[in-house]
Amino acid sequence: MEVFLVLGLPLLGALLLAMLGARRFAAELNVGISLATLMAAAVLVLRVIRHGSLLVWHDQFFVDSFNVFLVALTAFVGLTTSLFSRPYMRIEEAHGRLTPHRLRLYHSMYQLFMGAMLLALLTNNMGILWVAMEAATLSTVLLVSLYRTKASLEAAWKYFILCGVGIALALFGTMLLYFAAQQTLGREGMTALLWTHLNAVKTHLEPQVMGLAFVFLLVGYGTKVGLVPLHSWLPDAHAEGPTPVSAVLSGLLLNVALYAVIRCKILAEGSIGVALPGRMLMGFGLLTAVIGAFLLWRQRDIKRLFGYSSIEHMGIITFAFGLGGPIANFAALLHMTLHSLTKSSIFFTAGHASQTAGTQHMDDIRGLVSISPTIGWGLILGSIAILGMPPFGIFASEFLILTTAMRHHPWATPFLLLAFGVAFAGIFSKVQPMVFGESDSRRLPHSPALTPVFVHLALVLILGVYIPPALAAWYSSAAHLIGG
Amino acid sequence: MLKSHLIAQLVNLLAAGLLLISFAMLSRRRTQRLILLYAWQGAILCLSTCLVAYDAGLTELYYSAALTLILKVIGLPWILHRLIERLGAQWDREPVVNIPLTMLIGLVLVIFAFGLAQPISEMATTITRNTLGIALAVILLSFLMMITRRKAVTQVIGFLAMENGLFFAATSATYGMPMVIELGIALDVLVGVFILGIFFFQIREQFDSLDLHHLEALKED
Chain A
1 MEVFLVLGLP LLGALLLAML GARRFAAELN VGISLATLMA AAVLVLRVIR HGSLLVWHDQ
61 FFVDSFNVFL VALTAFVGLT TSLFSRPYMR IEEAHGRLTP HRLRLYHSMY QLFMGAMLLA
121 LLTNNMGILW VAMEAATLST VLLVSLYRTK ASLEAAWKYF ILCGVGIALA LFGTMLLYFA
181 AQQTLGREGM TALLWTHLNA VKTHLEPQVM GLAFVFLLVG YGTKVGLVPL HSWLPDAHAE
241 GPTPVSAVLS GLLLNVALYA VIRCKILAEG SIGVALPGRM LMGFGLLTAV IGAFLLWRQR
301 DIKRLFGYSS IEHMGIITFA FGLGGPIANF AALLHMTLHS LTKSSIFFTA GHASQTAGTQ
361 HMDDIRGLVS ISPTIGWGLI LGSIAILGMP PFGIFASEFL ILTTAMRHHP WATPFLLLAF
421 GVAFAGIFSK VQPMVFGESD SRRLPHSPAL TPVFVHLALV LILGVYIPPA LAAWYSSAAH
481 LIGG
Chain B
1 MLKSHLIAQL VNLLAAGLLL ISFAMLSRRR TQRLILLYAW QGAILCLSTC LVAYDAGLTE
61 LYYSAALTLI LKVIGLPWIL HRLIERLGAQ WDREPVVNIP LTMLIGLVLV IFAFGLAQPI
121 SEMATTITRN TLGIALAVIL LSFLMMITRR KAVTQVIGFL AMENGLFFAA TSATYGMPMV
181 IELGIALDVL VGVFILGIFF FQIREQFDSL DLHHLEALKE D
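Taken in order, these protein sequences are the chains called A and B. Residue numbering for the first sequence follows the numbering used here, starting at 1 and increasing by one per position. Residue numbering for the second sequence follows the numbering used here, starting at 1 and increasing by one per position.
No wet-lab data here; the hints were simulated from the structure. Watch out, some of these pointers could steer you wrong.
Restraint ranges, calculated between C-beta atoms of paired labels, are given here [to be verified]:
1) B:V97 <-> A:G358: 54 to 60 Å
2) A:V274 <-> B:G115: 52 to 58 Å
3) A:H58 <-> B:R82: 39 to 45 Å
4) B:I79 <-> A:W57: 33 to 39 Å
5) B:L116 <-> A:H480: 55 to 61 Å
Residues of chain A clear of chain B, computed beta-carbon distances all greater than 10 Å [claimed, not checked]:
6) S145
7) G164
8) A192
9) A275
10) L417
Stretch by stretch, here's where chain A covers chain B in the computed footprint (C-beta under 8 Å, at least three residues) [stated by the list, open to error]:
11) 12-18
12) 41-53
13) 71-85
Cβ atoms here follow ideal geometry from the backbone N, Cα and C, with glycine treated the same way.
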């Protein structure tokens, strides 16, 4: 029942917002729907904590500790982003970059995007997972090109074509998976693609087919995670789309895509053994982290900068999942949570910072603290958190990943340290002059909603100092489930 | 048994036709011609799906053949045709790689695809298993077409042809995906084409052309 509420509310909301159009209260309605979704998700979480994993509606939906935590995270960041976007989009409208008509599109697509991501997380069917991922892409394509400028059209086109190709490869992988399932489960129509059924027989799946399927699935969904070499859509889409969209792309969509990869990894490992899928994830992850960190240096646009930072962090998380084992998986899950909280809060402040300065060009953004202390401090604190400084939580997760890597795969340590170091220097040297110093910018026409920023950062701080035992147990059971 | 054998031969013949069309697409530069070829590809797909459905006695596959007919033989080509007429984008520019070289790369891709599909085809129990290599080749050739063309419309036709290849792979290896998923895929493709249609107009409005070399401003600096 809760599952249907979680899925139905955003879809209903998308319909409602599309019909009600550009009314004044559309932004408030958007917040309301997001809040309702979060409450439904909270009920679902409680139920899973109390009764363990659930199978709903002829096994078509599946909830376990791994995906329920992502559902909660998605619904939470969905709410805070909608809170942030209310004043943000009004300022954009006041600056003349948007019309009420486009705002209607924005609100409707925002909810559709949320619904598609939640469907991707909750479905038990690998085919529906694919359909939902594609739906999430399509709903964001129009959001990326919302401003209809040349640059945003280019970004959206690149996003569409590159992710389209990626998702097509993932479809081929899904087909191979279905093929392997048919060999074992027989021709059962719908049930042969159910993850729980596949998981039960994963040791009997044909290793040769599963190996090939995993390669296609990894490259396909990996495109959406932003793994190098198919990452080039990510910074463009983040820089040219409206900021709330950058925040949900970075904070949520990348996680959901990675979730799909991990689900496939669990199946592939059962069939072909731990070594190959794990090594592939580690290789892609390290490459992504290092290249992402070096590309940070060349950025001049504030949102591109943090887009590349997301690439780097997704690389680190992918690497940690590749390491496998309870500790690395635990660290990866923790890092996923903390990265989405921190990165979305950074995008919130970066969005307002560029609104204040009238540009996204970092050389022209100066003295944020003197214009608006909350924006300035939010940005610097967020950057410190994302760079993995104690006491923020990312320090803990990166430390765990690093020490596990040292113990089991010492060769990876220098690469990890290199990525951390280069990213640190790259981001810090660019953020510091933006925040401090002199400025002559004007104030914003609507006061920004920065509560979400500080709520996110406070959570990241708390998780760095103290992880509640309930949450730790939850992560541990999810980490155990992923295995490896 | 004999009948089944005949059907398998027919499907193989159709598969060869599909591959031939993919090569023809690589060599054509007129957009209208490409759309016609795309429609033919859909028709072959529809026919081969019907044959497989008849042989295996699966009603589900008839539905997906009907879906192919409506969407890929009539619907999408018509939408694309109207778009081209309204946009006046009749010709593609000279491709990035010249056509004879593209053909040669295509040949290499076909050999690669057959090599990759070989072990899987041996495991398959469907009558059409030999065609998996061709399906993979069609996917890779369409991919090549997307890379080497510069016009937005041509890239989209390449994208759709790739989807055809995927569909063919699904029928040849597994007698098609479950119906719900196929419907989902069809819906996604349809919505995708609508979005692209909107895109074409936006791109032309902004750049006065559908040429993708305008879309190269966002680079690392």
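Practice task
Of all the hints given earlier, name the ones this structure violates by number, lowest first.
Solution key: 1, 2, 5, 6, 7, 8, 11, 12, 13
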